[in-house]
Amino acid sequence: MTLAAAALLTPALVAAPAAAADETCDGRAATIVVPSYGHLRTAPFTGTPGDDVIVGTPRNDMIDGAGGNDVICGLEGADVLAGGAGDDRLFGGLDGAYFPDDDYYADVVAPGPGDDHVDLGADPDAQDIYFADFGHLDRVSYEGATGPVLVDLNAGTATGEGSDTIVVGGPAGVVGSAFDDRITGSAYDDLVQSGAGDDVVDGLGGRDVIAVDTTSADERGLGIVGPEGDDVANGGSGRDTLVSHGGTDVLAGGADNDFLHASVASDGLLRGGTGDDRLEARAAPVVVSAGAGDDEIGYVVRPGVRNEIDGDGGRDSLSLHLAADFAKGTRVRVDRPRDRIRLTGSRTRIRYHQVEEFFGKGRRARWTFVGTRADERFATKQARWVRAFGRGGDDDLLGTTGRDLLDGGPGRDRAYGDKGRDTCVSIERAADCEVRR
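Numbered according to mature numbering (1 follows the signal peptide of the UniProt record, and there is no 0), the sequence shown spans residues -20 to -1, 1 to 417.
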């Protein structure tokens, strides 16, 4: 949540200069101590137009330094610190874990215009968080910047609103501006929310989460989706998660087992690396190139869309989920010799290459699978019936609750007919097949 958003909920306390005995920040005596009202969160607090030394509370503080060269210490809690104009020194503080959730309090620090020093704090509890909790990493935010920013967590620098220094002692995050940013991560586990604009992001090492077109306006989760940009994001080494929310985005994995996800329709590209990746295109058209490794490709099929999927090296699987736009009982033909998938009565065409395993789901469709001499696997869920022809290789063919025909062809094949009166032909290991030939 931004300071502006919080101010709509709670009137801000505006400080007058006042002495604060015994409290210090960055080795300097505090001129202002935030009042410790509230159980979990204090009221939004604004400093003076001059040079302040502000000390927060162990609770969740929201502090705006306003003008001047300020020094602000948030201490514990999930703090939001804004330096404002001037050369500020901002310290998020050591944030502790809270229970019963396996989570921890994290800070958002917005330096603002000027040559600022940002110390997000080294939070040991951030080392063990799960993906769903990545919104709780300490973040430096340039969401309010009036132009593009260049942020490099590895070098500890940022330019665009001035020349900032960023101290990173563990997993941390960056929120980009509404312009065309360049953001580089670190060797730690990074969270990058690039915001609007045509951004370029490189996660470098660590287990990174890169969510383009999102911001930190929502202080939980991965934030809210902003205007679409045409972004390029590379996860680098480590098991990374890259998410696209629109625009002609290019998401690229690295050498480890990555997760690439396109949540809305775009003309973008999901490109896996050399690891065993999982790539999901929830809305077409998105070009998928899985790369080397044994990859899992998930694809939501929509009417009238023509798309291309390349499994590349390794043994890859393709899961096709028919969208609700299709009529129940739609006929789907998976044609391995021609490397294409067609839906009867629709202009939908999918071209694919080097995919060995297929899984179809949805709309009580009627599936026909035509295989090759390779070892292949075909299965469905929520289908009316299946006609599967292995045509060679050691195949695995799975039926439905309807009347299926499972023909293995040459090779040593397995088939499971499931419910219904099924026919199995040239199957060496068959189960639940009422008719065998």
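Derived from the structure by calculation, the hints contain no laboratory data. A couple of the hints might just be wrong.
[Claimed, not checked] The calculated DSS-like cross-link candidates involving lysine-lysine, where the alpha carbons are at most 25 Å apart (straight line), are: (1) Lys399 x Lys341; (2) Lys361 x Lys308; (3) Lys341 x Lys361; (4) Lys341 x Lys308; (5) Lys399 x Lys361; (6) Lys399 x Lys308.
[Claimed, not checked] Cβ pair distances, simulated, as ranges: (7) Ala411 x Gly149: 17 to 23 Å; (8) Thr137 x Asp374: 54 to 60 Å; (9) Gly309 x Asp374: 30 to 36 Å; (10) Thr145 x Arg313: 58 to 64 Å; (11) Ala263 x Tyr17: 43 to 49 Å; (12) Gly309 x His333: 16 to 22 Å; (13) Lys308 x Val244: 21 to 27 Å; (14) Glu288 x Asp412: 19 to 25 Å; (15) Ala135 x Lys361: 33 to 39 Å; (16) Thr381 x Arg320: 23 to 29 Å; (17) Gln362 x Arg295: 22 to 28 Å.
Every residue, glycine too, gets a C-beta built ideally from N, C-alpha and C.
Hints, one by one, checked against the model:
For a cut-off of 25 Å, the pair hint linking Lys399 to Lys341 stands: about 17 Å separates their Cα positions. Using a Cα cut-off of 25 Å, the hinted pair Lys361 and Lys308 holds, with the two alpha carbons roughly 13 Å apart. With a CA separation close to 5 Å, the supplied pair Lys341 and Lys361 stays within the 25 Å bound. Taking the CA atoms of Lys341 and Lys308, the gap is about 12 Å. The hint holds against a cut of 25 Å.
Annotation: proposed proximity of Lys399 to Lys361 holds, straight-line Cα distance about 13 Å (limit 25 Å). For a cut-off of 25 Å, the pair hint linking Lys399 to Lys308 stands: about 20 Å separates their Cα positions. For the hinted restraint 17 to 23 Å between Ala411 and Gly149, the CB-CB distance of approximately 57 Å leaves it violated. For Thr137 paired with Asp374, a C-beta distance near 56 Å keeps the hint of 54 to 60 Å intact.
Between Gly309 and Asp374 the beta carbons are some 32 Å apart, a value that agrees with the proposed interval 30 to 36 Å. About 60 Å separates the C-beta atoms of Thr145 and Arg313, a value consistent with the hinted range of 58 to 64 Å. Range check, Ala263 to Tyr17: about 46 Å between beta-carbon atoms, so the 43 to 49 Å window is met. Taking the beta carbon of each, Gly309 and His333 are about 29 Å apart, not inside 16 to 22 Å as hinted.
A C-beta distance of roughly 25 Å is found between Lys308 and Val244, which places it inside the suggested range of 21 to 27 Å. Here the CB-CB span from Glu288 to Asp412 is close to 36 Å, at odds with the stated 19 to 25 Å. About 49 Å separates the C-beta atoms of Ala135 and Lys361, a value inconsistent with the hinted range of 33 to 39 Å. Checked against the hint of 23 to 29 Å, the pair Thr381 and Arg320 passes, with Cβ atoms roughly 27 Å apart.
At roughly 25 Å, the beta carbons of Gln362 and Arg295 sit within the given window of 22 to 28 Å.
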